[in-house]
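**Q** Now for the letters of each chain:
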Amino acid sequence: NAGVTQTPKFRVLKTGQSMTLLCAQDMNHEYMYWYRQDPGMGLRLIHYSVGEGTTAKGEVPDGYNVSRLKKQNFLLGLESAAPSQTSVYFCASSPQGAAQPQHFGDGTRLSIL
Amino acid sequence: RKEVEQDPGPFNVPEGATVAFNCTYSNSASQSFFWYRQDCRKEPKLLMSVYSSGNEDGRFTAQLNRASQYISLLIRDSKLSDSATYLCVVNNFNKFYFGSGTKLNVKP
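Respectively, the protein sequence lines represent chains A and B. Using the numbering used here, the first residue of the first sequence is number 1, and each one after it goes up by one. Using the numbering used here, the first residue of the second sequence is number 1001, and each one after it goes up by one.
These are calculated hints, taken from the structure and not from any lab test. Take these hints with a grain of salt, some might be off.
Said to hold, decoys possible - Capping the alpha-carbon separation at 27 Å, the derived lysine-lysine pairs in DSS-like fashion look like this:
id, chain 1, residue 1, chain 2, residue 2
1, B, Lys1002, B, Lys1095
2, B, Lys1002, A, Lys57
3, B, Lys1042, B, Lys1079
4, A, Lys9, B, Lys1042
5, B, Lys1095, A, Lys70
6, A, Lys57, B, Lys1095
7, A, Lys9, A, Lys71
8, A, Lys71, B, Lys1042
9, A, Lys57, B, Lys1042
10, B, Lys1042, A, Lys14
11, A, Lys9, A, Lys70
12, B, Lys1095, B, Lys1042
13, B, Lys1002, B, Lys1079
14, A, Lys71, B, Lys1095
15, A, Lys9, B, Lys1103
16, A, Lys9, B, Lys1045
17, A, Lys9, A, Lys57
18, B, Lys1042, B, Lys1103
19, B, Lys1045, B, Lys1002
20, A, Lys70, B, Lys1045
21, A, Lys71, B, Lys1045
22, A, Lys57, B, Lys1045
23, B, Lys1095, B, Lys1045
24, B, Lys1095, A, Lys9
Can you make the complete structure from the sequences, with help from the hints?
**A** Next comes the structure, spelled out in structure tokens:
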């Protein structure tokens, strides 16, 4: 019962490099989300998706792109990494329906030098 | 104004104590409410959903007051293992908004 799986777990990048974070869920959930969490702050929504082929901006979308080509996968891309994007990134998924809670992956710790 | 606000704490309590956290939310149209627990450097995990009539799960009781737009979590008979950060979460039309969390330290 994998649930929500994030890869990689850790990564160090240089400023200007690009990378993609992968989130995969095996629960057949319609909705998927990407958050970042910084010290002393709550989770902030970057982008989210309410179904295959759809994406929408969250609270802090600048500098990130996403794609949801398959229902089970939600990719988060950094085209040109900046030190301000150093953070812990969490992916979550949930079934359709406002009363349904989210299930989280165990996070990706990303450092931009 | 933030969507969800919580007292960051920390709340330092002895084992066996009862402790309560409150959380306020700004959007009166919010649809659903949750408490999550987050351990240091780990992912948030669902503690319990919060229902309009209030609900209990073992030592944990959650209450919702829609008129005043706040949610509460009561923990009875605190255990050392309850030490964590508790996140208040509100769902508005497919978006989840998180409070910054309330840190609880349960001491022997």
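**Q** Has the given pair, Lys57 (chain A) with Lys1045 (chain B), been kept, meaning a C-alpha gap of at most 27 Å?
**A** holds, 24 Å
**Q** For a C-alpha distance cap of 27 Å, please report whether Lys71 (chain A) and Lys1045 (chain B) respect it.
**A** With a Cα-Cα distance of about 23 Å, the restraint between Lys71 (chain A) and Lys1045 (chain B) holds, given a limit of 27 Å.
**Q** Need the status of pair Lys70 (chain A), Lys1045 (chain B): alpha-carbon distance at most 27 Å?
**A** holds, 25 Å
**Q** Between Lys9 (chain A) and Lys1045 (chain B), does the CA-CA distance stay at or below 27 Å?
**A** Holds, because 18 Å separates the two Cα atoms, which is no more than 27 Å.
**Q** Keeping to a limit of 27 Å between CA atoms, is the pair of Lys1042 (chain B) and Lys1103 (chain B) held or broken?
**A** It holds: about 14 Å lies between the C-alpha atoms, which stays within 27 Å.
**Q** Mind checking the alpha carbons of Lys71 (chain A) and Lys1095 (chain B) for me, to see if they're no more than 27 Å apart?
**A** Within the cut-off at roughly 18 Å; holds.
**Q** Can you confirm whether the C-alpha distance between Lys1002 (chain B) and Lys1079 (chain B) stays at or below 27 Å?
**A** Given pair Lys1002 (chain B), Lys1079 (chain B) is violated - Cα atoms ~31 Å apart, limit 27 Å.
**Q** Given the hint that Lys1095 (chain B) pairs with Lys70 (chain A), does the C-alpha gap stay at or below 27 Å?
**A** holds, 21 Å
**Q** Would you check the hint for Lys1002 (chain B) and Lys1095 (chain B), treating anything up to 27 Å between C-alpha atoms as holding?
**A** holds, 14 Å
**Q** Between Lys9 (chain A) and Lys57 (chain A), is the straight-line Cα distance small enough, at 27 Å or below?
**A** The hint holds at about 24 Å.
**Q** Are the Cα atoms of Lys57 (chain A) and Lys1042 (chain B) separated by 27 Å or less?
**A** Holds. Lys57 (chain A) to Lys1042 (chain B) sits at ~25 Å (cutoff 27 Å).
**Q** Next pair to validate is Lys9 (chain A) with Lys70 (chain A); report whether the Cα-Cα distance is within 27 Å.
**A** holds, 21 Å
When held up to the earlier numbered hints, the structure conflicts with hint 13 and nothing else.
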